[in-house]
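Novice: The lines below spell out each chain.
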Amino acid sequence: MTNIEETQLPGVGVRQDFVTKGGRRIGVIAHRGGHRELLIYATDDPDRCRESVRLEDQDSRALADMLGSPHVGHSMAELQQSVEGLTIDWLPVREGSACAGATIGDLEVRRRTGVTIVAVIRGADTLPSPDPDFRLRPGDTAVVIGTPEGIQRAFGLLRGT
Amino acid sequence: MVAAAVDAAGRPGNEGALLLIELGAVVVVLALLARLAGRLGFSPIPLYLLAGLAFGVGGLLPLELSEEFVEVGAELGVLLLLFMLGLEFTADELGTSLRMGLPSGLLDALLNFTPGLLAGALLGWEPVEAVLLGGVTYISSSGVVAKVLADLGRLGNRETPAVLSILVMEDLAMAVYLPVVAVLLVGSGMLAGLTSLLIALATVSGVLMLALRYGEPISRAVFSRSDEVVLLTTFGLVLLVAGVAQRLQVSSAIGAFLVGIALSGPVAERARDLLGPLRDLFAAVFFVFFGLQVDPAAIPPVAAAALVLGAVTAVTKLATGWWAARRTGVLARGRWRAGAALVARGEFSIVIAGLGLTAGVDRRLGALAAAYVLLMAVAGPVAARVVDPVVVAVQRILAGRAAAARPARTTASEQEALGVD
Numbered sequence: 009m010t011n012i013e014e015t016q017l018p019g020v021g022v023r024q025d026f027v028t029k030g031g032r033r034i035g036v037i038a039h040r041g042g043h044r045e046l047l048i049y050a051t052d053d054p055d056r057c058r059e060s061v062r063l064e065d066q067d068s069r070a071l072a073d074m075l076g077s078p079h080v081g082h083s084m085a086e087l088q089q090s091v092e093g094l095t096i097d098w099l100p101v102r103e104g105s106a107c108a109g110a111t112i113g114d115l116e117v118r119r120r121t122g123v124t125i126v127a128v129i130r131g132a133d134t135l136p137s138p139d140p141d142f143r144l145r146p147g148d149t150a151v152v153i154g155t156p157e158g159i160q161r162a163f164g165l166l167r168g169t
Numbered sequence: 005m006v007a008a009a010v011d012a013a014g015r016p017g018n019e020g021a022l023l024l025i026e027l028g029a030v031v032v033v034l035a036l037l038a039r040l041a042g043r044l045g046f047s048p049i050p051l052y053l054l055a056g057l058a059f060g061v062g063g064l065l066p067l068e069l070s071e072e073f074v075e076v077g078a079e080l081g082v083l084l085l086l087f088m089l090g091l092e093f094t095a096d097e098l099g100t101s102l103r104m105g106l107p108s109g110l111l112d113a114l115l116n117f118t119p120g121l122l123a124g125a126l127l128g129w130e131p132v133e134a135v136l137l138g139g140v141t142y143i144s145s146s147g148v149v150a151k152v153l154a155d156l157g158r159l160g161n162r163e164t165p166a167v168l169s170i171l172v173m174e175d176l177a178m179a180v181y182l183p184v185v186a187v188l189l190v191g192s193g194m195l196a197g198l199t200s201l202l203i204a205l206a207t208v209s210g211v212l213m214l215a216l217r218y219g220e221p222i223s224r225a226v227f228s229r230s231d232e233v234v235l236l237t238t239f240g241l242v243l244l245v246a247g248v249a250q251r252l253q254v255s256s257a258i259g260a261f262l263v264g265i266a267l268s269g270p271v272a273e274r275a276r277d278l279l280g281p282l283r284d285l286f287a288a289v290f291f292v293f294f295g296l297q298v299d300p301a302a303i304p305p306v307a308a309a310a311l312v313l314g315a316v317t318a319v320t321k322l323a324t325g326w327w328a329a330r331r332t333g334v335l336a337r338g339r340w341r342a343g344a345a346l347v348a349r350g351e352f353s354i355v356i357a358g359l360g361l362t363a364g365v366d367r368r369l370g371a372l373a374a375a376y377v378l379l380m381a382v383a384g385p386v387a388a389r390v391v392d393p394v395v396v397a398v399q400r401i402l403a404g405r406a407a408a409a410r411p412a413r414t415t416a417s418e419q420e421a422l423g424v425d
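First to last, the protein sequences are chains H and A. One gets my numbering by counting positions in the first sequence from 1 and adding 8 to each. One gets my numbering by counting positions in the second sequence from 1 and adding 4 to each.
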């Protein structure tokens, strides 16, 4: 698990940063005014930012999309809630996962995990109540409802190769 | 020349026109100076001061500005500067910084207040004036520091939280320092002074507690969708509380500051945007007004003192930042950058000296403070810019010398032994 460090910057905002697997430190400042700043640290001096790029809202969104974490999932995370033992969650369909290209019926998600796919988010569209012959594509996000354990299993199923 | 025009015309209607013309001309000059400062990458504060010196009595271009008008403008400038200072940090950030950065903050106060205090004593000034001079050398310019850090792309650097936390601590220190100075300046007897000081400090801590606990409901009550309403409410509140504080002899500046602390959340964001331009305008008037009050002829006699004081307090700020950054686990280069970032003094040094001038202390304080800020507001950003290349060069030279000093015949095993040792 990546260890993200969070630091308060009084009067500016909040900085988050981490060291990549390759040993480079990168981070983001969430400015109080709303915009973000992408930070890339220098290699000769671990405390210095070599590059800092100002990102407006739309830029952050575009970058997040390119990096493969569906932005919509992030903003919906706040809505996530448990209702009497059931959890709603957003599961990404990754490039190269076995379920990409398969239909929901083929995957037998409900039979194998007890979890129901209630909607699929594709780009800017949300497709509610997909049929069993709905074909999942890489980049889709499945909105699922089920028990926490079931969702854990469904996450493995959708990610599996 | 301008005065002659008044004599020739002499009618009251023309006086109003003349006021507008003079004021307009001054503000246009300030605009040009701000543009120049922006081009050079400097803070405009020293240029505003120079403009004030030039327009004042004994300056290059003495104007007979309507003193009253400018004075009110200058006072608004001080109030808005302190209000925005209070607004800059949320109560939450104050709390966090107080927990994490207290040792650095104390070192900062010790290292940077003392030189001013001692200089005042050495110059044979009154104790109040020495305390004021201590304040002048103590407070870094948060405006200049924040701008330099943003311009140089250093907000993300790992030494920056240490720098910002020092600024927050100075911010808090002002909350104690200003009432003390206000009481000292009134100069009543020992007992009366102590009583009013206690009242002042009790008021300040009371308001701080209120702000920490009830900041949110207060802010919600002030908030409105309409910019106009927010602008008028906050501006009115600042003046009102400042006036009441003045009445209670707590100093109007601290009143404005406390209003800034009390506001938080969305209303603080809006107020920052809406009152920022107003602050810039009146703060510029304030710096000019301060310059007007200083006789340029009084500066050369104190120039040497300002230079020495500047050199000493540049070193003490460097040391403060160095130590504060080291506490947060930053390496050598970052420590020096943190120190250099703090060197700049500016608006709040002038505010403190201005409090003294308004209360009628020795004029030499004004001249020395003006010379000192002229120096440090320019030297600070320069220091922040050059520190990194200088440190790298010095490190390289030291590394080279160490390599040369190490005898060539040292064998690998000997080196290992040295390393173990």
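To be clear, the hints were calculated from the coordinates, so they are not data collected in a lab. Warning: the hint list may mix true and false statements.
Covered stretches of chain H (in silico footprint by chain A; criterion: 3 or more residues with CB under 8 Å from a CB of chain A, positions within the stretch not fixed) [unchecked claim]:
no., stretch
1, 30-42
2, 126-139
3, 146-158
Short, incomplete list of chain A residues facing chain H, as computed with Cβ under 10 Å [said to hold, decoys possible]:
no., residue
4, S169
5, R276
6, L278
7, A336
Backbone N, C-alpha and C fix where the C-beta goes; we use that ideal spot for every residue, glycine too.
Novice: A separate judgement is required for each hint: does it hold in the structure or not?
Specialist: Checked hints:
With 4 residues having a Cβ less than 8 Å from any Cβ of chain A, the stretch 30-42 of chain H passes the three-residue criterion, so the hint holds. For the stretch 126-139 of chain H, the stated coverage by chain A is not satisfied: 0 residues place a CB nearer than 8 Å to a CB of that chain, which falls below the threshold of 3. Counting residues of the stretch 146-158 of chain H whose CB falls under 8 Å from any CB of chain A gives 0; the rule of at least 3 is not met. Below 10 Å, beta-carbon pairs count as interface contacts, and A/S169 has one with chain H at about 6 Å; its hint therefore holds.
Hint status for A/R276 relative to chain H: holds, with the closest Cβ pair at about 9 Å, below 10 Å. For the restraint placing A/L278 at the interface with chain H, the shortest Cβ-Cβ distance is roughly 14 Å, beyond the 10 Å limit, so the hint is violated. Hint status for A/A336 relative to chain H: holds, with the closest Cβ pair at about 9 Å, below 10 Å.
Hint check: violations occur at hints 2, 3 and 6; the rest are consistent with the structure.
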